[in-house]
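Q: Sequence:
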Amino acid sequence: EELGPNHALALACVFDECARMVRILTFNVHSCIGRDGTYDVNRVAEAIRRADCDIACLQEVEVNGQARKVRSYSAKHADNQPEFLAKATGLANISFSGPLCAYQGSYRRECCENQFDEVLTRDWECDSGFGNAILSKFEILDSRSFAFTLSAEPLSEEHVFMDREEQPRGARAVLVDIDSKPFSPTLEQDEELKTEGAALGMEKEAPMRQNAYSCCRAPPRADMPEEAPPPPRALLWIVSTQLSHRLREQREQACQLRDWIEELVVDQKGDEKIGVLVCGDMNSAPFAQCSSYSTLSSTPGWADLWKAKGTWCNQATSPWAFGTCCPTACGTRVDHVFSVEREGLASLKCEGISVASETHASTHCPVVVDVKMAGARKYAI
1 EELGPNHALA LACVFDECAR MVRILTFNVH SCIGRDGTYD VNRVAEAIRR
51 ADCDIACLQE VEVNGQARKV RSYSAKHADN QPEFLAKATG LANISFSGPL
101 CAYQGSYRRE CCENQFDEVL TRDWECDSGF GNAILSKFEI LDSRSFAFTL
151 SAEPLSEEHV FMDREEQPRG ARAVLVDIDS KPFSPTLEQD EELKTEGAAL
201 GMEKEAPMRQ NAYSCCRAPP RADMPEEAPP PPRALLWIVS TQLSHRLREQ
251 REQACQLRDW IEELVVDQKG DEKIGVLVCG DMNSAPFAQC SSYSTLSSTP
301 GWADLWKAKG TWCNQATSPW AFGTCCPTAC GTRVDHVFSV EREGLASLKC
351 EGISVASETH ASTHCPVVVD VKMAGARKYA I
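Using this note's numbering, you'd call the opening residue of the sequence shown number 1 and step up by one each time.
It is worth saying that the hints were derived from the structure and are not from the lab.
Nothing here was measured: the structure is a model prediction, and the numbers come from that model.
Honestly, I wouldn't trust all of these hints.
Stated by the list, open to error - Mimicking DSS-like on lysine-lysine, the simulated pairs with C-alpha atoms at most 27 Å apart in a straight line are:
| hint | residue 1 | residue 2 |
| --- | --- | --- |
| 1 | Lys87 | Lys76 |
| 2 | Lys181 | Lys372 |
| 3 | Lys181 | Lys69 |
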């Protein structure tokens, strides 16, 4: 039976009302070291709070089980940065993976070696992790880690030569239901999640550190009867990553990232349409040729959301001149947000995207994007 004009209009309104808006931030926090060289996790937390986001994708995040200095530009601390930021911002659900498990240890340089090369000591106990984190106000239903394959064997089993070989890098992905109520585990539930995560093999392992919050199990919700049928959901995969600053490496990592995300989509069970967003520091400007950006943006179905709603000016996420009246006006845009659009996936529409003029918390500025997700659920009229 054909739909009349009124019925068709009502149907369109239903789908419009069912579209869900989510605000996502991507931010290279630079180990919580600001442009002034000061280590201050509170400044990063304040930048995230000001963005008023639902999900925060963070890069260059550190987790130290003991007082250590991880990078040459970092500070000595024993902080779990994702956990601190989650508590300070109210984005209580955490997923973290640190493909780089190393710290500033002792290394005796030969007289012929470059005295300025960054050399880290490998941490096979995984008390120190450096990588990607995702903070969410929505419960994390699933989480995945991916470590980029190195093209050559490491130069040493004891040290990482950051300037002479490929740096261990990776990506973190979480699955959330943006149509669900914000979920913050209680202290008792939090301990239960950690215990369950350890029982599921989520304990620390080398060379990929798995944060205890990375398990995808959750305690039963008190407001959800066990026998009740599951409600409609608006599922979204969020990916946080940082690619190499070297062109050849970042191109290869972009291809690996693209293939891994394809596996995420293929592995998804059920008939629910799921959205996919990829956020992070690609270390590549939009005008760079043969780069990670050109590789991803030329992939069918991959769309740079800045092209949808971004401006021609004030788009620098890596400013050249901090302290000016408008730091986002001078510099390059190396932090990007991509949506993956294809048949079988939920439709994602960018409603707004901008670079926040954050001049103190990090050497990068955060990118904030508002995305409307539609077509994730089926409705009977």
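Q: Hint by hint, say whether it matches the structure.
A: Status of the hints after comparison with the structure:
1. Among the hinted pairs, Lys87 with Lys76 is consistent with the structure: their alpha-carbon atoms are about 21 Å apart, no more than 27 Å.
2. A threshold of 27 Å between alpha carbons decides the hint, and for Lys181 with Lys372 the separation of about 17 Å falls inside it, so the pair holds.
3. The suggested pairing of Lys181 with Lys69 is violated, with an alpha-carbon distance near 38 Å, which exceeds 27 Å.
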